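Student: Listed below, chain by chain, are the residues.
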Amino acid sequence: MAEVHAEMVANVWKVLVAEGDTVEDGDTLVILESMKMEIPVIAEDDGVVAQIKVAEGDVIQEGDLIAVIE
Amino acid sequence: MFESVLVANRGEIARRIIRTVQRMGLRAVAVYSEADADLPFVREADEAILLGPANPAQSYLDVDRVLRAARDSGAQAVHPGYGFFSENAAFARAVIDAGLVWIGPSPEAIERMGDKINARNLMEEAGVPVAAGTRTPVTDLEQAVSAAAEIGYPVMVKTAGGGGGIGMGVAHDEAGLAKAFEQASRAAARFGGTPAILLERYIERARHVEVQILGLADGAVVALGERDCSVQRRHQKVVEETPSPGITQELRERMLAAAVRAGEAVGYLGAGTVECLVDADKQDFVFLEMNTRLQVEHPVTELVTGVDLVELQLRIAAGETVELSVAPRGHAIEFRVYAEDPKRFFPGPGTIGVWAEPSGDGVRVDSGYAEGNTVTPFYDPLMAKLCVFGQTRAEALERAREAVAGFKIEGPKNNLPFCAELLEHPEFVDGNYDTGLVSRMRA
Chain G
357 MAEVHAEMVA
367 NVWKVLVAEG
377 DTVEDGDTLV
387 ILESMKMEIP
397 VIAEDDGVVA
407 QIKVAEGDVI
417 QEGDLIAVIE
Chain X
-9 MFESVLVANR
1 GEIARRIIRT
11 VQRMGLRAVA
21 VYSEADADLP
31 FVREADEAIL
41 LGPANPAQSY
51 LDVDRVLRAA
61 RDSGAQAVHP
71 GYGFFSENAA
81 FARAVIDAGL
91 VWIGPSPEAI
101 ERMGDKINAR
111 NLMEEAGVPV
121 AAGTRTPVTD
131 LEQAVSAAAE
141 IGYPVMVKTA
151 GGGGGIGMGV
161 AHDEAGLAKA
171 FEQASRAAAR
181 FGGTPAILLE
191 RYIERARHVE
201 VQILGLADGA
211 VVALGERDCS
221 VQRRHQKVVE
231 ETPSPGITQE
241 LRERMLAAAV
251 RAGEAVGYLG
261 AGTVECLVDA
271 DKQDFVFLEM
281 NTRLQVEHPV
291 TELVTGVDLV
301 ELQLRIAAGE
311 TVELSVAPRG
321 HAIEFRVYAE
331 DPKRFFPGPG
341 TIGVWAEPSG
351 DGVRVDSGYA
361 EGNTVTPFYD
371 PLMAKLCVFG
381 QTRAEALERA
391 REAVAGFKIE
401 GPKNNLPFCA
411 ELLEHPEFVD
421 GNYDTGLVSR
431 MRA
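In the order they appear, the protein sequences are chains G and X.
Just so we're aligned: the first sequence equals residues 357 to 426 in the numbering used here.
Just so we're aligned: the second sequence equals residues -9 to 433 in the numbering used here.
Be aware that a few hints might be false.
Said to hold, decoys possible - Simulated crosslink set (DMTMM-like; lysine to aspartate or glutamate; CA at most 25 angstroms straight-line):
1) X:K333 to G:E418
2) X:K169 to G:E418
3) G:K370 to G:E418
Simulated from the structure, these hints should not be mistaken for lab results.
A quick note: this is a predicted structure, and the numbers were derived from the prediction, not measured.
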């Protein structure tokens, strides 16, 4: 199981996967936006998306849980 | 002269404009979003009006709210700063239609230069050199592929309406082109503007050098020297200096003359910047785009010329006759202090625990924040501009090293360690660098 956390304060611009989706290492899960820059959040393992903890439009803090991959 | 000015911007540039407005004995009106309520520019203005929530569409980019603020405060003129409404012809028209003075060029000049394809064609007609590229909008990938084949790789792909490096990408082959085209289209759709894409021959090892121009009320256009903006990350400037260490006096004179022709071609009024790409090996240049507004890096020009560009903007907008005899002297460098990590340059907003600016001979700091403020993710990452002046470039570099070391920021991530690293890098120290410098430092 791998937890994906936010590296910075940001707005959630796009959520590209749903719970139950199969993802591969390198797939983009979510696109964040901070300071006029798009920041893709990438899966670091192959697996299934067990949880997505953010929704488009959310403001998240550094360290917040974004997703859990199993 | 009008008696009050509404500053339709935020952060360091709002503060810098307010300072000149007040020094001239005029009343400065600030507008701000909920996220910016505690920033210095709000406190320092003579009057400050809350526009709305942090989202720019509901605050700084809401035409009705900004115009209502102007009416409620009795402001007689509007200064847009840079970004936001500064290159928005519709907003300029709305300001003029509301009976206010627009501090900038005519809406027609903004329109003609705002579309990069149109601007490029216009410059070519005016005898300003342009890079090989598309003369009509490219709207699908198929067109892009055939245009690129004709221009020759590598090509630069950008949006006709965009700015600030957003959506720009370089393609070295057809696969890269597909990716760059997709990215530019997405940026165009997202940040508004036309969906048109423009392709241009990309010059490797180029320097980015721009000329400051000023269109006077009597129709004359003058050039106030150049700025070298080749230190860039993600096609966005980090450090600017003047004079450019990479051009000969002969090339400088050609560029300044071309910039004046560019301004004259659109009947330009006020402060503007003609951006060029310079092939340092061949000592040749092509027109890149024109920014019809005050530029972020205008302080380096002020430091070597002694003029206050904002004051000149206000006086020209008021229809005053401005006498200018400019003889630049010395050397000036600006470092953009961004809230970002100094390795990958990723955004690092946060609350400022410690903020101590350097001072001393030849040091100027234009900042938008103070201790206790929070740098939020809603706007660009520029926290301050650290500018230094020296009689020579060597003296400016020495003062910059001291000033960077003396700038203390705790809380948000910041790129001061990158600035310190740059000041020891042989290419930068020698002045022999190009737009690829930062990528090479991080390769």
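Student: All the hints need checking, so say for each whether the structure fits it.
Tutor: To see whether the hints hold, each was checked on the structure:
1. Restraint check for K333 (chain X) and E418 (chain G): satisfied, since their Cα atoms lie roughly 18 angstroms apart, inside the 25 angstroms limit.
2. Of the supplied pair hints, the one linking K169 (chain X) and E418 (chain G) is violated, its CA atoms being roughly 30 angstroms apart against a limit of 25 angstroms.
3. At roughly 18 angstroms between alpha-carbon atoms, K370 (chain G) and E418 (chain G) fall within 25 angstroms of each other, so this suggested pair holds.
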